[in-house]
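With the sequences and hints as input, model every part of the structure.
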Amino acid sequence: AQSVAQPEDQVNVAEGNPLTVKCTYSVSGNPYLFWYVQYPNRGLQFLLKYITGDNLVKGSYGFEAEFNKSQTSFHLKKPSALVSDSALYFCAVRDYYGNNRLAFGKGNQVVVIP
Amino acid sequence: DTAVSQTPKYLVTQMGNDKSIKCEQNLGHDTMYWYKQDSKKFLKIMFSYNNKELIINETVPNRFSPKSPDKAHLNLHINSLELGDSAVYFCASSPSYDNEQFFGPGTRLTVL
Chain A
1 AQSVAQPEDQ VNVAEGNPLT VKCTYSVSGN PYLFWYVQYP NRGLQFLLKY ITGDNLVKGS
61 YGFEAEFNKS QTSFHLKKPS ALVSDSALYF CAVRDYYGNN RLAFGKGNQV VVIP
Chain B
1 DTAVSQTPKY LVTQMGNDKS IKCEQNLGHD TMYWYKQDSK KFLKIMFSYN NKELIINETV
61 PNRFSPKSPD KAHLNLHINS LELGDSAVYF CASSPSYDNE QFFGPGTRLT VL
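One line per chain: the protein sequences are A and B, in this order.
For the first sequence, the working numbering begins at 1 and goes up steadily by one.
For the second sequence, the working numbering begins at 1 and goes up steadily by one.
Quick caveat, the hints were computed from the structure, so don't treat them as lab data.
For the chain B half of the interface with chain A, some residues (derived, Cβ under 8 Å), not all of them: (1) 43; (2) 98; (3) 105.
Each residue gets a CB set at the ideal place from its N, CA and C atoms; glycine is no exception.
Structure (structure tokens):
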């Protein structure tokens, strides 16, 4: 079964600095990869996805992620963090040939310090 | 123009009661989901319907019963509520399994 690991519980970054949220995945076939963000007391919002094609994927709010097949990683990045980026970030994976379940990581709390 | 809506937003009830949560999406999507998010923010799929047909039924107590009267609605009925059912329940929809999911605002269920 597919799975996702988000190794850090919390990521602290100063405003204006680069932000990276790490994600590694495990699937038996080709992966469909997603990043979602959850603000307090809200539902998850889609940020970006990788299905096929260019390994660098650009998404909403200036976020991007790089698919690395050899390292089975899909790290989320933003060149310059904003205080408003403080939220909970979830990586998710679905196996292209497998079942239809989307497996979510445990989430990473991002705190951007003014 | 709410894409995925859920009612109620908050639900406080006593153990042993039966309650329902409603979900509606106006996106024209074929697939709908129910997720449970616990107090540690872990998100777990409970059910998924595709065109009113049950596709995913995770290891969920049979006290939980989803119902999809049409493609735009997926309701969740819970019988004999227990303390451990306290969580935030999210409804979501997507055009298909390949696409991103759109989440509702969540229903915070508290069982006393």
